[in-house]
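Same order as they appear, the protein sequences are chains S and D. The first sequence begins at 1 in the working numbering and counts up by one. The second sequence begins at 1 in the working numbering and counts up by one.
Quick caveat, the hints were computed from the structure, so don't treat them as lab data. If you're wondering where the values come from, they're calculated on a predicted model, not measured in any experiment. Hints may be right or wrong, so weigh each one.
[Stated by the list, open to error] A partial selection of chain S residues facing chain D, derived with a Cβ cut-off under 8 Å:
hint	residue
1	Glu25
2	Trp34
3	Asp124
4	Asn125
5	Cys129
6	Gly133
7	Glu135
8	Gly137
9	Asn142
10	Asp147
11	Gly151
In this text, a Cβ means the ideal position worked out from N, Cα and C, and glycines have one as well.
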Amino acid sequence: MSTTPDRDEVTGIQTTGHDWDGITELDQPLPRWWLIIFYLTIIGSVLFWVWYPSWPVWMDGEWTFTRGLAGKTARDDVAAEMAQRAAAREADLARLEKADLGTIRRDPELLRLALANGASAFGDNCAPCHGSGAEGGPGFPNLNDDDWLWGGRLSDIEQTITHGIRWEADPETRLGAMPAHLRDGLLGRADVADVVQFVLSLSGRARDAEAAARGALVFEASCAACHGLDAKGQTFVGAPNLSDDIWLYGGREEDIFESVANGRAGVMPAWGGRLDAATIKSLTLYVHGLGGGVEEEPAAAGE
Amino acid sequence: MARGSAQAGGMPRRGSPAPPQPNPPKLYAPRRKIHPKRVNGTFRRIKWAVMVVTLGIYYVTPWLRWDRGPGAPDQAVLLDLPHRRFYFFFIEIWPQEVYYLTGLLILAALALFLATALFGRVWCGYSCPQTVWTDLFIYVERLVQGDRNKRIRLDRAPWTLEKIWKRGLTYAIWLLISVATGGAWVFYFADAPTLARALVDGAAPPAAYISVAAFTFTTFTLGGFLREQVCTYMCPWPRIQGAMFDADTFLVSYRADRGEPRGPHKKGEPWEGRGDCIDCGACVAACPAGIDIRDGPQLECIQCALCIDACDQIMDRVGRPRRLIAYETLSMPAARESGERPRVRLIRPRTVLYSVLILIVSGLMAYGLLTRSDLDLNVLHDRNPLFVRLSDGSIRNGYTLKVLNKAHHLRRFEVAIAGLSEARLKSPELGDAAVLRFEVAPDSVRAVRLFVSLPRQTIRARQDEDGELPITIELRDVASAAVYREATAFHAPGASGR
């Protein structure tokens, strides 16, 4: 790069003296208005310093900043916006609190609020056990399907969420557990094995038809009280339907043996004291709307 | 480093060594005021016509009406930002169709390239808003203050009462034009008659006033004061031109072979042994960029062709043929010199390529617009869970249907799964009737949750090794019986799975 400025012979204008493989550059002056705009931006930046919070200052033993003549910071704007949203949310929750489940369900706007609120509350509170898609897992029911241990009507779901399952701190909690038939000596090992074959036979999977036939008698004596004579379960005691394709603790022979021998008693906390009524209603509608919700019987629907 | 390579390369240096300088070069310079002289002629008339047409389009368009039926705006061209709609006569574009806008921009760019390859900076010279408004402002200036010489005199004169009122009147008219420019701009974004009333009543939204103010300010300063500075210093286009011109591009050029040697000419003197240019300076006086076209092609030249008219007037007066300054290609002087016939090559690989691209893009856009459906069906499959096993062993998948009803009337639809009568459909908001029906409000989007259950045998018969089977969701418009389909996947546990 040459540093000797030349004069360009065509234009007669001085070059910058820079030479890139024979290409040189005319040293043209900048337009004055450009310079003026540059100075205006400098003035503008000073105005910004004065108008908005800008400089850090040491004051009263701590670092703070100049407040600016605008009298507010971007943080104030955020805080105001958040407060505004919180207030709007409060109002929404109050509306949900006042309405009953049926009313909310019939009002598209309330339902939209409830479902949005329910989805977020589900993610915060329920997803750790039931999964983020409510798909459940071994011991934790899938809430999307049409199989309900304690009933899938809105009122059932609300009751379950409010008072929990086998949650001793709540007097109204849902009770009823699968006893440990073998461990507690209620049934002998052979009976347990037979009844397992019988349960398998309900879905056409019995290995040993004779054992299944013997197991039918055991079932009638020991299991039908809760699971029903047809083994279709009873929601008032939370006894699952054993004839369907859905197995909370697994449907293989060894899973069923484990359930019969050592019992099952999963626990769900009561959310009544922890979540407000509006959130519980929202969760109820959200879970009911996941695809498996059962309609209220006509008599109950009029409540 | 560069010095070393320059020496090693032994590049010949242009120019002579700089003489010792008493003063360092100036770092900045004030704008040299330009007072273009009025000209008459072909190109001036074309420019007046282009100005009337382009300004007419700009100011009148928002006031054109176009009936789209009830519930839709009746403004022919409207960018409805709050409702995310763009209306252009019979075309209505939703945000997800912004590619039409992209196509329009691509078309505009290609058209610009083609025009530039053929005729140089015709866009700059005739139809660029900066040129048109500057031309209009110069016209106002001339109307109030007189032509070039009077304006120069007025500019040099002290601030007398005459200068104050003449300048004041000029600025006032400029300001009126600027306000009208800014005002017309906002009418493209809202119903023009309503907004016009609101603007006058002071009831328009702040954004409208801010836009009008911003446009007024830029029109006033760019058109009134910065003028050619915008083209020379701010606009990137002049820099790109170089890649668009070639030896066959028609550019406004001074025919040096005919004009030189130039010099003053007195009436009656012979024309032999000299050029036709009488060095009168008419071309320079007319130039809105303040350059001398006789210096050859220049960055500053917007090719407005006013120098052609200016020179033609002089040539007529001295009795020489017109078009000493004319549209001609870079190859023409050389051709004349060697005695060949200057050739006009409008069809060149470059122009053919641009034309073909324009045809392709406009063809694609026309096809897209003509086959545009007034309904869009998007199907989103639930990701979590992918599928749900039901008590009876059947598998259920969840979908969200997004139905975009682009028509301006309410429509009722029935949902079905194509070719799978055993599919059970259910929707939390629609119930689980045999036929799911729902309506979508005019000009809006509705999301509908849909659960599809298929029995195990159907799945086994159709699924692939990943457990997936293709299904097609069908929407039937109850009124018109038109059917809209969207293919999607149904997930189930794999054949190898439990």
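Tested hints:
Among the interface hints, the one on Glu25(S) is violated; its C-beta lies about 12 Å from the nearest C-beta in chain D, farther than the 8 Å criterion. For the restraint placing Trp34(S) at the interface with chain D, the shortest Cβ-Cβ distance is roughly 7 Å, inside the 8 Å limit, so the hint holds. Of the supplied interface hints, the one on Asp124(S) is violated, with its beta-carbon coming no nearer than about 16 Å to a beta-carbon of chain D, more than 8 Å. Proximity of Asn125(S) to chain D is violated relative to the hint, the smallest CB-CB distance being about 17 Å (cut-off 8 Å).
With a least beta-carbon distance of about 15 Å to chain D, the hint placing Cys129(S) at the interface is violated under the 8 Å criterion. At a threshold of 8 Å, the smallest CB-CB gap from Gly133(S) to chain D is about 3 Å, leaving the interface hint in force. For Glu135(S), the shortest C-beta to C-beta distance to chain D is roughly 4 Å, which falls under 8 Å, so the interface hint holds. A hinted interface residue such as Gly137(S) counts as satisfied when its beta carbon comes closer than 8 Å to some beta carbon of chain D; here the least separation is about 11 Å, so the hint is violated.
Restraint check, Asn142(S) versus chain D: the minimum CB separation of about 7 Å is within 8 Å; hint holds. Because the smallest distance between the Cβ of Asp147(S) and any Cβ of chain D comes to about 5 Å, under 8 Å, the interface hint for this residue holds. With a least beta-carbon distance of about 14 Å to chain D, the hint placing Gly151(S) at the interface is violated under the 8 Å criterion.
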